[in-house]
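Asker: Chain by chain, the residues run as shown.
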Amino acid sequence: MDGGVGYVDVDALKATELRLGLPGSDEPSEKPPPPTTTTTTTTAARPSKRSLDEDRAARREPSEGGRATSTRATKAQVVGWPPIRSYRKNSFQAMKTEAEVAGLYVKVSMDGAPYLRKIDLEVYKGYKELREALKDMFKCFEGCKGSEYAITYEDKDGDLMLVGDVPWEMFTSSCKKLRIIRGAEAIRGLGSSQ
Amino acid sequence: MVRGFGGAAAFPDEVWELVFSFLAADADRNAVALVCRGWHRIERRSRRRVFVGNCYAVAPAAAVRRFPEVRAAAIKGKPHFADFNLVPTDWGGGAEAWVEAMAGGWPHLEELRLKRMVVSDDCLELIARSFKNFGVLSLVSCDGFSTAGLAAIAANCRNLRELDLHENEVEDNCLNWISHFPESFTSLVSLNIACLEGDMNTSVLECLISRCPNLKTLRLNHAMPLEKLVSLLQRAPQLVDLGTSKFSADHHPELLSKVESTFAGFKHLKSLSGIWEAGPAYLPAIYSVCESLTSLNLYYATIQSPELLKLVSECKNLQRLWVMDLIEDNGLIAVASSCKLLQELRVFPSDPYGVAPPISLTEHGLVAISAGCLMLHSVLYFCRQMTNAALLTIANNRPNLTCFRLCIIDPHTPDYISQEPLDAGFSAIVESCKDLRRLSLSGLLTDRVFKSIGASANRLEMLSVAFAGDSDVGLHYILSGCKNLRKLEIRDCPFGDKALLDNTSKLETMRSLWMSSCSVTLGACRQLAQKMPRLNVEVIDERRGRPLESWPDDFPIEKLYIYRTVAGPRSDTPPCVWTV
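Each protein sequence line maps, in turn, to chains A and B.
Residue 85 in this note's numbering sits at position 85 of the first sequence, with consecutive numbering throughout.
Residue 449 in this note's numbering sits at position 449 of the second sequence, with consecutive numbering throughout.
Fair warning: there could be bad hints in the mix.
[To be verified] Heads up, simulated DSS-like pairs for lysine-lysine below, C-alpha to C-alpha not over 30 Å straight-line:
id: 1; chain 1: B; residue 1: Lys316; chain 2: A; residue 2: Lys125
id: 2; chain 1: B; residue 1: Lys434; chain 2: A; residue 2: Lys125
id: 3; chain 1: B; residue 1: Lys270; chain 2: B; residue 2: Lys216
id: 4; chain 1: B; residue 1: Lys228; chain 2: B; residue 2: Lys270
id: 5; chain 1: B; residue 1: Lys451; chain 2: B; residue 2: Lys316
id: 6; chain 1: B; residue 1: Lys434; chain 2: B; residue 2: Lys531
Please keep in mind that the hints were generated in silico from the structure rather than gathered at the bench.
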């Protein structure tokens with residue numbers, strides 16, 4: 001049967017690649033590999049060197065049945081998982097958090113940009129749309145091509161957090177403002193998290 | 001010796017109708033209808049209940065025409081995975097076509113049950129106007145309507161017995177819809193409004209309850225404060241099924257004793273739910289009814305373990321328990337020793353996205369239940385760790401399981417002791433539990449588990465698979481086995497074209513197949529659709545705007561929904577859905 005070990009490994013390899021891009025952002029390709037559902041995000045894009053080696057080792061000795069290698073992505077949050085009724089989730093989580101304000105407008109600042117913007121988080125369904133919107137919004141401020149950036153936000157406790165770690169709903173309820181960090185600071189920030 | 005149909009024809013139709021009336025199961029009535037033209041005619045004219053598992057499987061007009069004397073209809077719309085936001089909100093499942101057809105063809109309709117459908121206020125108004133003897137309206141997991149629509153139902157359905165609104169998304173634009181029940185209205189037996197968000201006018205509700213002496217089921221929403229709840233409940237001591245509103249308030253000895261005496265007044269209470277935000281102050285007031293309870297739903301009760309343990313230990317006659325994982329292993333061990341009549345257990349995660357689990361709920365709790373509760377047949381269990389050994393023990397303890405849904409919260413989680421896949425454990429479940437009808441898999445699983453399922457799960461009707469398997473072989477095992485499979489839903493598995501195309505005829509024996517984030521290409525869908533004209537092959541893709549015709553064969557499908565139908569492709573597909 002085709003598919004099997006080789007196929008799954010390619011996918012996992014991609015997920016554990018050492019890159020400086022934002023977690024969850026894929027290079028565009030004509031034939032996207034079958035997606036692990038939309039808006040997949042991973043926790044802090046720490047250098048997954050260890051994972052890469054593990055993966056190579058796994059492929060050298062293929063385990064019987066082709067053990068799924070995406071255990072490395074265990075911290076990935078995906079749409080609709082765990083399978084909890086969205087109705088129940090809304091009710092229960094709504095009880096726990098404070099009352100929602102109509103329209104979740106937050107300020108967005110970008111390093112080097114002369115003025116800030118404001119966006120309504122409720123308009124977006126997930127991280128992918130948010131990133132695209134921010135990219136569009138700040139297109140004119142992008143300096144040299146290919147400069148790296150990291151999207152961060154300030155949460156309820158005042159801490160600066162990397163966007164993409166927590167489920168979308170959790171993010172929108174705790175995000176107070178967004179900040180796009182560019183250039184060397186962004187790279188340093190990504191490299192230094194454990 | 002049977003004389004042949006000459007003898008049978010001597011009986012008037014009414015005799016056969018009476019004989020057929022003893023056949024409750026639709027499958028039996030369907031079989032009867034195939035015997036001969038005479039029986040087909042008699043059966044269709046006398047069928048009173050119709051169940052449509054997929055609203056697009058048959059045209060509403062055809063159903064209404066075939067069974068002209070229907071009194072009770074149940075219809076389901078969206079695929080099950082719509083519950084987890086995997087189905088686009090505009091996918092379909094609109095109720096208008098059905099309600100319009102029924103309004104025209106079934107004027108004597110008394111009961112209507114809709115699940116996962118989009119029901120507009122216009123629909124509700126049409127229902128309210130069209131059926132003179134309308135008695136039961138049940139809307140489960142529906143959306144698209146508001147309390148204004150409910151007002152129309154209240155105002156016009158003079159003989160309404162049951163209004164069951166279960167987990168719907170309802171817009172609140174008519175605050176006093178309850179007051180639309182006329183003063184002369186007294187027939188209510190069951191009222192479930194737990195899913196409504198808004199405040200209720202308590203005095204109007206009290207009035208309604210006071211004048212409905214047959215009221216047996218009352219499930220309120222969380223908005224009503226405890227003091228008002230108590231005065232309301234004092235009007236209905238005959239209740240059998242109660243869903244309370246908020247169960248917390250500032251501590252007040254007078255209120256506490258009122259709550260206690262109200263609950264002590266319930267002599268017939270069997271089912272308890274709601275108990276939103278229960279605080280330790282008022283919870284003990286429930287103890288007086290515990291022993292008579294057969295069903296307890298603590299899903300919304302944010303009670304912690306010690307109080308939970310105490311509460312459920314009092315419920316010696318419990319048959320159904322829905323609870324949060326706050327009950328922990330200790331609580332489940334207590335349930336296992338106290339609730340010997342338990343049949344159904346559901347344990348939900350209180351913190352599903354939490355990374356570090358502070359909750360001490362593991363496989364041990366479920367093992368204890370399986371050992372102590374001999375009548376247990378239905379399980380839904382969310383946890384973070386599992387072992388093959390535990391599953392084996394559960395399988396051996398409870399071969400009478402009919403429904404086993406295990407959700408290990410992190411995908412691909414192996415047996416945490418041996419680091420092996422959980423193939424052996426789930427295989428044991430399907431091999432031991434011969435009557436298993438519903439199964440949900442989770443954890444690290446290879447193709448081997450599917451081999452066991454395909455071979456052993458002969459009674460399995462519904463299978464849910466996520467993040468499992470290695471290749472097409474897995475899907476092939478399922479589709480070539482599982483004789484009674486009706487619904488298969490798969491997400492994020494490496495299953496692709498070959499298994500689908502090798503088992504095309506199987507798909508017509510099933511109600512539906514859902515596959516999302518798998519490895520199916522458009523070419524396979526095209527081949528499948530061409531080969532099987534009585535299947536609707538729906539490709540769902542929210543990413544692209546171009547029409548399906550321009551995509552190449554090797555284009556990977558994001559989401560796929562295949563279902564058998566005699567109605568042909570539907571005409572109400574939204575932009576993100578293409579019927580291949």
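Asker: Does each hint hold? Answer for all of them.
Answerer: Now the hints, each set against the structure:
1. B/Lys316 to A/Lys125: Distance of about 46 Å is beyond 30 Å: violated.
2. B/Lys434 to A/Lys125: Since the Cα atoms of B/Lys434 and A/Lys125 sit roughly 43 Å apart, the hinted pair is violated (cutoff 30 Å).
3. B/Lys270 to B/Lys216: Holds: B/Lys270 and B/Lys216 sit about 10 Å apart, inside 30 Å.
4. B/Lys228 to B/Lys270: Cα-Cα ~22 Å, so holds.
5. B/Lys451 to B/Lys316: violated, 40 Å
6. B/Lys434 to B/Lys531: violated, 34 Å
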